[in-house]
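Keeping their order, the protein sequence lines are chains L and B.
For what it's worth, our numbering labels the leading residue of the first sequence as 1, then goes sequentially.
For what it's worth, our numbering labels the leading residue of the second sequence as 1, then goes sequentially.
One or more hints might be untrue.
To be verified - Negatives, chain L to chain B, calculated, CB over 12 Å:
id : residue
1  : S28
2  : Q35
3  : T65
4  : G97
As the list claims (entries may be wrong) - Calculated cross-link-like contacts (lysine-lysine; reagent style DSSO-like; alpha-carbon spacing at most 27 Å):
id : chain 1 : residue 1 : chain 2 : residue 2
5  : L       : K37       : B       : K234
6  : L       : K30       : L       : K104
7  : L       : K43       : B       : K231
Note that these hints are calculated values from the structure, not bench results.
Treat the numbers as computed from the prediction; the structure is a model and nothing was measured.
Heads up, the beta-carbon is just placed ideally off N, CA and C, and yes, glycines get one too.
Listed here are the chains, written in short residue letters.
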Amino acid sequence: MAKDVKPRVKVPKSAAAGEAIVIKTLISHKMESGQRKGDDGNKIPRSIINRFTCDFNGQNVVDVTMEPAISTNPYFEFQATVPEAGEFKFTWYDDDGSVYEDSKTIEIG
Amino acid sequence: MKRLKGALSVMAVAACAASGAWSDPVDDTLVLNGETEMVTRTSAPAHLSDAFDEIYSGWLFRGTETRAMQADDFDNPGMIFVEQAEAVWETVDGSEGKSCASCHGATEDMAGVRPSYPKWNEAAGEVRTLEMQINDCRKTRMGAEEWKYTGGDMVNMTALLASVSRGMPVNVAIDGPAQATWEQGKEMYYTRYGQLELSCANCHEQSYGMMIRADHLSQGQINGFPTYRLKNTKLNSAHDRFKGCIRDTRAETFSPGSPELVALELYVASRGNGLSVEGPSVRN
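Take the sequences, apply the hints, and build the full model.
Structure, rendered in structure tokens:
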């Protein structure tokens, strides 16, 4: 597992039904591209997060394929319409097979 | 033809006006997380009254997106490192079985520490930066190994200590026992270094607001340090920035943590007396 990986998510605590809310996500990750060479002249192996998904009550909101050109600590900001109270589930998939998860509940009010 | 000339001169005037506007710091207010209003411009401290009427935070010289990034803790990539330091704050290290928290308690209790550093330490008989004080704590109180002056652990910890003091005005003492060090720093500030023969003042006092190649020159205030720089995606300490600046004059640089850079830090910090502590700030 890559070092110091920590997901962070910012979702409003409540929203009106049908309202579009802004979701911000950030995960600390070095996103090693696989193109760089180390001090010894050898290539540093690629180690990135290759996929990010967000689901709301089991329904997919976004599913992103991520590529090596994405810089360190990838940040995503997107909007989602909230039809009902429920839970946003966020998942990041690492090259090394690790899966990082976070979730946030939202109320209608 | 005459008409064309007229049009050209109008364009020239417009271009001048545009570049004139660009040379000024922007007219914007930094409100942190929508609640804490920061002082990014204020009247210059008394010792600086010959040079400036007003002092400006480097924040006012950065682009709209960069400024917005700093205004929200979630968007500020520097806060990742603050969080890492929070964990280190609680971690026991060294032979005494202590962590920072064992003596100092919660990090919020350290609010007000950053604004007064560098400051005179009576017992040691020297001006100490925050970094030196941290290492002294680690060595004498914790029995732990000292951190590298500009290493990751160190800069993260100084970012943590700065972050809890954000919004408080920088207030370093320049009189009393610290005065000799301050004078030394002032001397350095106005000394031309390197093959390019540039002093700090040539750029940051006489030419702030102008472009130095693609970069908008600020007043060189260090109230926002440590700074998250977009160009190297990590926190940078003030001494690393000093070193970079001196290197850019094509001079042999002083090393971070050296008495020379400590003196310079005290002097440069005093030029920002009154500005809010912003660290970790975001700059390009």
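Which of the listed hints are broken here?
Violated: hint 1 alone.
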